[in-house]
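Based on the provided sequences and hints, a complete structural model is requested.
Chains as they are written, first to last, in this note's numbering: chain A, 32 to 528; chain B, 2 to 168.
Hints in this document: simulated from the structure, not taken from any laboratory. Source: prediction; values computed, not measured. The reader is advised that the hints may include incorrect statements.
What the hints assert, rightly or not - Straight-line Cα separation of at most 16 Å, EDC-like style, residue types lysine to aspartate or glutamate; simulated pairs: (1) B:K81 to A:D505; (2) B:K38 to A:D507; (3) A:K197 to B:E136; (4) B:K59 to A:D507; (5) B:K140 to A:D374; (6) B:K13 to A:D490; (7) B:K153 to B:E168; (8) B:K47 to A:E494; (9) A:K225 to A:E146; (10) A:K34 to A:E78; (11) B:K13 to A:E494; (12) A:K139 to A:E121; (13) A:K268 to A:E319; (14) A:K439 to B:E70; (15) B:K32 to A:E494; (16) A:K128 to A:E95; (17) B:K13 to A:D482; (18) B:K14 to A:E494; (19) A:K34 to A:D107; (20) B:K38 to A:D505.
To be verified - If you want a taste of the chain A side facing chain B, the calculated C-beta under 10 Å gives, among others: (21) N217; (22) L220; (23) F223; (24) G224; (25) D490; (26) N509.
Cβ atoms here follow ideal geometry from the backbone N, Cα and C, with glycine treated the same way.
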Amino acid sequence: MFKRILIANRSEIAVRIIAACKELGITSVAIYSEADKNSLHVRFADEAYLIGPPQASESYLNKEKIIQLCKQKQIDAIHPGYGFLSENAEFISMVEKSGITFIGPSSKSVFLMGEKTSARKLMQQNNVPIVPGTVEPIENSEIGLKIAKEIGFPVMLKAAAGGGGKGMRKIFDESEFESNFQRAQNESLKAFGKSEIYLEKLVLNPKHIEVQVIGDMYGNYVHLFERECSVQRRHQKVVEEAPSISINCEIRNKITDAAILAAEACNYVNAGTVEFLMDKNKDFYFLEMNTRLQVEHPVTEMITGLDLVKLQIKIASGEKLDLKQENLKINGHAIECRIYAEDVENNFAPSIGKINHHQLATGPGVRIDRGIEINSEVPIYYDPILAKLITWGKDRGESIERMKRALKEYQISGVTTNIPIFNWILNNKKFVDGSFDINFLDQDFIPLLPDKWKKDLTDDYSEIAAIISALIKDFDHNVNYKNKVSINNQWLDQNHE
Amino acid sequence: MNDFRILVNNDKKYFIQTNDNGIININGEEKAASITKLGEHSVLLKLNEKLYHAVYTKLQNGNYTIHIEGLIYNSTVKTKLQDELAELTAQKSKSVKRVEFKAPMPGLILKIIKKSGDKVTVGAPLLILEAMKMENEMKSTISGTISNVYFKEGDSVEKGSTILTIE
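Next up, the structure:
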């Protein structure tokens, strides 16, 4: 087993990984930028080293500096968390060559899955269903249009090097094809440095279902069931849950089998996630594989009772997977809400500042993975995630009720958070009955901004807010008055002496 | 005793009189109300028999942000006199409406789309502000003509700085 693990990340995920290291008796070594010197992950780590200035490119993305530090500090293994360098095949390859263990898949697997067209081709060859479309980049818009007509509109253009919605365009009609093709190419070139575009049939109103897989170095694989992450805004997940309300045992068997096939196809080692889109007929298609730990991994941990980060570390150290598929069972239901520092009413603008009040939600079935504490600074340089609130219940209904309760308890002030919108989501009929798809927020919530969504809320504390404001104003007024009086008295006393 | 006029979420207006005896009068109705400060930003309200734990942030000019039960309310507290004065000024200035467009967050001005003298309508993009690596398109909330632009592309702005004005 490793003695010293460096965590090449920050915030809540770094804190999460430090917890796993501590439980395994491994020294946790954090890195931090100048903006993070008092951050929670630094406070929790056994050792922490300054890696550079606040800009991510100079700190958490500085490959050479991180590897150099690992060598200086006798690090055995690097855990990349998610984001930053976690899916950077070049970095992983550098780590492999330096003799340090990368806690995650090989650079080869990451490279294979990172190139979207080659991944589609590989999946097709291995009988994993893919969205109908091309498995090679399209040369020009004429050829593209011809293929689009063959598979039928609407279609979707995507960047071969892509991800995160960049270089993506939905096309509903032949006449829009040419101009959208150029724009997709330009966007892709800007975002990824490559203009290669491929084409897929647009799956209408799909659900996002993903399967957690895990494999060891000896070719053993298990899946840890599915998660549903259809509550999204601009391809960013907002609420995730496990299991999915939308599939039965039969579909579950099919989709998890497909996920294992996908993992095997790229000789995948460690924890990974195979993402699928599922249409109204419950036909599902491979979307992409995330070759890292996911933000939403806690919901899987809650329903399986497993510690995914500890499993990752054990597998990376060469241990054999000690799980048998037939022994794994889904226990209850879990939901996660991503708490972001953002101003929903103001076009989701990131909010920065100092946390001046932080009251955690606690009690049965509640878990918070957080990167903040009272007096934490929320800097402008990074992803605005503050914490993840996760609840478990014996069934979906109980996990939702627990989430509602926990959201009322969880208090953060100093920055604006998105906590209020979860009240709307969790009470929405489509969310409750499971009929939501990946367009749910864009179609049902975004048009209600600003403020109109509040009319849907059953709770209204306007009057309470008014009374509190009045009484605080009153209180402050009295304090000021008393201070003035006491200052005047002092002055009088001094004059008497 | 104080006489307050409170506007919540720019929507609901309350008339509240506070007294030393712990009884308030809200929109003509008397209620027992008292607060206990639990921390610098944390307060417990006892209203008749009910309890509410809220978190608040005091902003400038009598504005507060109040968090209750996972929801957020913005309130503006004015004394009776301030409220009456404000209404008078509002009536006077109704003919010329001038809106200051303020930076909602600190960031870097990547692009200024409209220049002084340009006409804008509601929803028209004004500028692109980069913060937390995200490009945020800032849109006009009113229709009018841009009268002043106080920054140029590449400038950094603090939260609340007036970037431009629209008349």
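Hint-by-hint comparison with the structure:
1. Restraint check for K81 of chain B and D505 of chain A: the C-alpha separation of about 14 Å stays at or below 16 Å, so the hint holds.
2. Between the alpha carbons of K38 of chain B and D507 of chain A the distance comes to roughly 11 Å, so the proposed pair stays at or under 16 Å and holds.
3. At most 16 Å may separate the alpha-carbon atoms for a hinted pair to count; K197 of chain A and E136 of chain B meet this at roughly 13 Å.
4. A threshold of 16 Å between alpha carbons decides the hint, and for K59 of chain B with D507 of chain A the separation of about 11 Å falls inside it, so the pair holds.
5. A C-alpha spacing of about 15 Å is found between K140 of chain B and D374 of chain A, which places the hinted pair at or below 16 Å, so the restraint holds.
6. Proposed proximity of K13 of chain B and D490 of chain A is supported: the alpha carbons are some 15 Å apart, at most 16 Å.
7. For the hint pairing K153 of chain B with E168 of chain B, the CA-to-CA distance comes to about 20 Å; that exceeds 16 Å, so the pair is violated.
8. For the given pair, K47 of chain B sits about 13 Å from E494 of chain A by alpha-carbon distance, which is consistent with the 16 Å threshold.
9. At most 16 Å may separate the alpha-carbon atoms for a hinted pair to count; K225 of chain A and E146 of chain A meet this at roughly 11 Å.
10. A hinted pair counts as satisfied when its Cα atoms are at most 16 Å apart, and K34 of chain A with E78 of chain A qualifies at roughly 13 Å.
11. Restraint check for K13 of chain B and E494 of chain A: satisfied, since their Cα atoms lie roughly 8 Å apart, inside the 16 Å limit.
12. About 10 Å separates the Cα atoms of K139 of chain A and E121 of chain A, which keeps this hinted pair within 16 Å; it holds.
13. Restraint check: the Cα-Cα separation between K268 of chain A and E319 of chain A comes to about 15 Å, which is no more than 16 Å; the hinted pair holds.
14. Taking the CA atoms of K439 of chain A and E70 of chain B, the gap is near 4 Å; set against the 16 Å cutoff, the hint holds.
15. In summary, the hint linking K32 of chain B to E494 of chain A is supported, as the alpha carbons are separated by about 12 Å, within the 16 Å threshold.
16. A threshold of 16 Å between alpha carbons decides the hint, and for K128 of chain A with E95 of chain A the separation of about 12 Å falls inside it, so the pair holds.
17. Distance check on the hinted pair: K13 of chain B and D482 of chain A sit about 13 Å apart at the alpha-carbon level, within 16 Å; holds.
18. With a C-alpha separation of about 9 Å, the suggested pairing of K14 of chain B with E494 of chain A holds against the 16 Å cut-off.
19. Only pairs whose Cα atoms come within 16 Å are accepted, and K34 of chain A paired with D107 of chain A is accepted, the gap being roughly 7 Å.
20. Note on K38 of chain B and D505 of chain A: the hinted pairing holds, with a Cα-Cα distance of about 13 Å set against a maximum of 16 Å.
21. Because the beta carbon of N217 of chain A sits about 15 Å from the nearest beta carbon in chain B, more than 10 Å, this interface hint is broken.
22. Annotation: interface hint on L220 of chain A violated; nearest CB of chain B at approximately 17 Å, more than 10 Å.
23. Below 10 Å, beta-carbon pairs count as interface contacts, and F223 of chain A has none with chain B, the closest being about 16 Å; its hint is therefore violated.
24. Residue-level restraint check for G224 of chain A is violated (minimum Cβ-Cβ distance to chain B is 17 Å; threshold 10 Å).
25. Hint status for D490 of chain A relative to chain B: holds, with the closest Cβ pair at about 6 Å, below 10 Å.
26. A hinted interface residue such as N509 of chain A counts as satisfied when its beta carbon comes closer than 10 Å to some beta carbon of chain B; here the least separation is about 9 Å, so the hint holds.
Hints 7, 21, 22, 23 and 24 from the list above are not met by this structure, while the remaining hints are.
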